[in-house]
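Taking my numbering, the leading residue of the sequence shown gets 676, the next gets one more, and so forth.
Keep in mind the hints are simulated off the structure, nothing from the lab. Every clue listed holds true.
FRET-style restraints, in silico, Cβ to Cβ:
| id | residue 1 | residue 2 | range |
| --- | --- | --- | --- |
| 1 | ARG754 | GLN870 | 20 to 28 Å |
| 2 | ARG865 | ASN825 | 20 to 28 Å |
| 3 | PRO729 | LYS877 | 40 to 48 Å |
| 4 | ILE867 | GLU714 | 29 to 37 Å |
| 5 | ILE873 | HIS788 | 39 to 47 Å |
| 6 | VAL845 | ALA684 | 19 to 27 Å |
| 7 | GLN870 | SER691 | 51 to 59 Å |
| 8 | ASP715 | THR847 | 35 to 43 Å |
| 9 | ALA824 | GLN870 | 21 to 29 Å |
| 10 | GLU799 | ASP715 | 47 to 55 Å |
| 11 | PRO792 | THR712 | 40 to 48 Å |
| 12 | TYR756 | ASP692 | 27 to 35 Å |
| 13 | GLU793 | THR847 | 22 to 30 Å |
| 14 | SER691 | GLY858 | 34 to 42 Å |
No more than 27 Å apart at the CA atoms, straight line, and that leaves these computed lysine-lysine pairs for DSSO-like:
| id | residue 1 | residue 2 |
| --- | --- | --- |
| 15 | LYS686 | LYS800 |
| 16 | LYS725 | LYS681 |
| 17 | LYS681 | LYS800 |
Because the structure is a prediction, the values reported are computed rather than measured. Each residue gets a CB set at the ideal place from its N, CA and C atoms; glycine is no exception.
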Amino acid sequence: MTETEKMLAGKIYDASDSHLADRRIVAHRLSKQYNDTFEDEAEKRTAILKELIPNLGEDTYLQGPIQFDYGLYTTFGTRCYANFNFVVLDICPITIGNNVFFGPNCTLATPLHPYLPEERNLREKEDGTLYTLEYGAPIHIGDDCWLAANVTVCGGVTIGAGCIIGAGSVVTRDIPAGSLAAGNPCRVIRPITEQDSIYLKKQLF
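Build the full structure now, drawing on both the sequences and the hints.
Structure below.
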């Protein structure tokens, strides 16, 4: 297996591999270029995102700033939105459904590191190159979810369709569909029901 194949399969891999390092440089450069654009430069922004995130659904909008580790391994559905400071560490596949909203300062982090420091610390190859032992786990976010401000989703997590994740949450385990969940670690508070309709909250109208 190549180091890329190992990485995407969630196996221990060498992040200093030249192919992976080159792709990270490209993704980081494209992220910076996107962040240096203005909101009314739609054509320029679209061209950058097509190169950075080939699997980007129609009418998906990233406010920026953004930061992607690879971009290639993230898939967005249609009509998604990410607010300011969206960070995506996609060493394993990240799948985002349709109509998913991200508040400011959200992070999707698939990388994992060994618990033992002697396995986690920097190592040196014969040629002097430094590297670490690293692995990861995929993230899946279903359709129609809203992740509020400052949410972090950790590797290996699936968030079911129609969920709301409260501000400041750290999601370390799966969240079943249709749930209101919050906290650190994030826990289900209750199901979301028709009684949550804004049309029943008369003070809003």
